[in-house]
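Position chain B against the provided structure of chain A, taking the given hints into account.
Read off the chains here:
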Amino acid sequence: MTSKKDAALRALYEEIAESIAEAPDADIVEECKVEGGSVEQVADHMRDVLRSAWKGFQQKSLREARETYQRTASALRTAAIRLPDTAAERRQLLAGVLSRRPEVGSAINMHFRDFDQMSDEDVETCLQQFAQLGLLPTDDGHEG
Amino acid sequence: MDKAKPRPAEPPPATSEQIRDAFEALTPIEVARLAKYARWRLRAFGSRQLSRDADEFVTDALISLLDGRRTWQPQKIPFYVCFKGIIKSQTYNLRTKGPEDAFDKLKSLRNKDDTDTAEPLDRRASRTFQDPERELEWAQIERLIKERFADDDEAALMLEARLEGKTPTEIREALGLTQQQYETIVKRVRRAIANILEGSQP
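In order, the protein sequences belong to chains A and B. Note that this note's numbering has the first sequence beginning at 1, numbered continuously upward. Note that this note's numbering has the second sequence beginning at 1, numbered continuously upward.
Since the hints were made in silico from the structure, they are not lab data. Remember, predicted model here, so these are calculated numbers, not experimental data. Among these hints, one or two may not hold up.
Derived lysine-lysine pairs resembling DSS-like cross-links, with alpha carbons at most 30 angstroms apart [unchecked claim]:
hint : chain 1 : residue 1 : chain 2 : residue 2
1    : B       : Lys-187   : A       : Lys-33
2    : B       : Lys-88    : A       : Lys-60
3    : B       : Lys-76    : A       : Lys-60
4    : B       : Lys-146   : B       : Lys-166
5    : B       : Lys-88    : A       : Lys-4
6    : A       : Lys-4     : B       : Lys-187
7    : B       : Lys-166   : A       : Lys-4
8    : B       : Lys-88    : A       : Lys-33
Computed beta-carbon distance windows for the label pairs [as the list claims (entries may be wrong)]:
hint : chain 1 : residue 1 : chain 2 : residue 2 : range
9    : B       : Gln-73    : A       : Asp-120   : 51 to 61 angstroms
10   : B       : Glu-56    : A       : Ala-7     : 21 to 31 angstroms
11   : A       : Pro-137   : B       : Glu-56    : 46 to 56 angstroms
12   : B       : Pro-12    : A       : Thr-86    : 51 to 61 angstroms
13   : A       : Arg-71    : B       : Gln-179   : 28 to 38 angstroms
14   : B       : Glu-170   : A       : Lys-60    : 22 to 32 angstroms
15   : B       : Tyr-92    : A       : Ala-107   : 46 to 56 angstroms
Covered, in the sense of this in silico footprint (three residues per stretch, anywhere, with C-beta under 8 angstroms from a C-beta of chain B), are these stretches of chain A [said to hold, decoys possible]:
hint : segment
16   : 6 to 18
17   : 87 to 101
Beta carbons are placed, not taken as given, at the ideal position from N, Cα and C, and that holds for glycine.
Just chain A, with the same shape it has in the complex (with noise of 0.2 angstroms):
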């Protein structure tokens, strides 16, 4: 609304919102009186409807990171990790990758001591891994 009659109405309300906010304590007290209440009453509802708002705001923020964290979980159960067939192949891509990313392979060293020693299922759960990481390089040869 723009007219200048709603400005005006506006301007005042303004005036007496801030009158408020300067007012002696004793005005305030008299003034929850008038209007047929008290303080403490005004203050209990107030301080009611901001209890509410912050309980709200926190189950909100909860379920959300609950909700996030689900889909999450699933979408790392669910992704669907092709490796190659044969041990040969995959411990080749396992190889592959420890010599793009250096800093993996002393990972690696310090977990197995010795990459030639690694079983073939130990490959086999570190390109799993590697994989839920995105250390996993994708059909267009890019780490997905």
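Frame of chain A; chain B shown alone:
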């Protein structure tokens, strides 16, 4: 040439727990004052307020603080001051960025025959307001000037001048009032308007 001094790190914004503790720590007077402040700020908002009541309005203000759209830095200002500021800027945002409502669509049609200055106030009000509730408030305040403030020239003049769009400074100067005298009049006006608008609290 002096090296520019590194800016001190910004104090961290309050956590949600700090925010809760802060509103729980407010005194009843402070909370009541904030409630009244929010109510008047919302009332000033006019027709758009129809989609919000005072409780929702306060809830919106707190949520904006909790979700990070607004921040409170406890080391800088008290929670009361911060929350009052949020309420104030929230009404400003609603006014300047709020969605248009059905009344707004009628505005251009009404403006075509808005002979604002040639008609008596009562008839002018009914033509220029799109919100029936605002029309009623305008009429009630005009009646207040004529009846309740018939014996209170200062309050009547102040209110009339305010409705004419005069600023508090202009009114103070025109009536030769000190700031304190003016504030006393505002208090009388506030109580009288609260009284007539009782029952239509936003």
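So, going through the hints one by one against the coordinates:
1. For the hint linking B:Lys-187 to A:Lys-33, the alpha-carbon distance of about 15 angstroms falls within 30 angstroms, and the restraint holds.
2. Note on B:Lys-88 and A:Lys-60: the hinted pairing holds, with a Cα-Cα distance of about 26 angstroms set against a maximum of 30 angstroms.
3. Under the criterion of a C-alpha separation no larger than 30 angstroms, the hint pairing B:Lys-76 with A:Lys-60 is consistent with the structure, at around 29 angstroms.
4. Taking the CA atoms of B:Lys-146 and B:Lys-166, the gap is about 19 angstroms. The hint holds against a cut of 30 angstroms.
5. For the given pair, B:Lys-88 sits about 21 angstroms from A:Lys-4 by alpha-carbon distance, which is consistent with the 30 angstroms threshold.
6. Restraint check for A:Lys-4 and B:Lys-187: the C-alpha separation of about 24 angstroms stays at or below 30 angstroms, so the hint holds.
7. For the given pair, B:Lys-166 sits about 11 angstroms from A:Lys-4 by alpha-carbon distance, which is consistent with the 30 angstroms threshold.
8. For the hint pairing B:Lys-88 with A:Lys-33, the CA-to-CA distance comes to about 25 angstroms; that is within 30 angstroms, so the pair holds.
9. Here the CB-CB span from B:Gln-73 to A:Asp-120 is close to 57 angstroms, well matched to the stated 51 to 61 angstroms.
10. Remark: the range hint 21 to 31 angstroms for B:Glu-56 to A:Ala-7 is upheld by a beta-carbon distance near 25 angstroms.
11. Here the CB-CB span from A:Pro-137 to B:Glu-56 is close to 52 angstroms, well matched to the stated 46 to 56 angstroms.
12. Evaluation of the 51 to 61 angstroms hint for B:Pro-12 and A:Thr-86 yields a pass: the beta carbon distance comes to about 55 angstroms.
13. Range check, A:Arg-71 to B:Gln-179: Cβ separation about 60 angstroms, and the 28 to 38 angstroms hint is violated.
14. Taken as a hint, the range 22 to 32 angstroms is violated for the pair B:Glu-170 and A:Lys-60, whose Cβ atoms sit roughly 48 angstroms apart.
15. Checked against the given bound of 46 to 56 angstroms, the beta carbons of B:Tyr-92 and A:Ala-107, roughly 54 angstroms apart, stay inside it.
16. For the segment 6 to 18 of chain A, the proposed coverage by chain B is satisfied: 12 residues have a C-beta within less than 8 angstroms of a C-beta in that chain, meeting the threshold of three.
17. Check result for the segment 87 to 101 of chain A against chain B: violated, 0 residues qualifying (beta carbon to beta carbon below 8 angstroms, three or more required).
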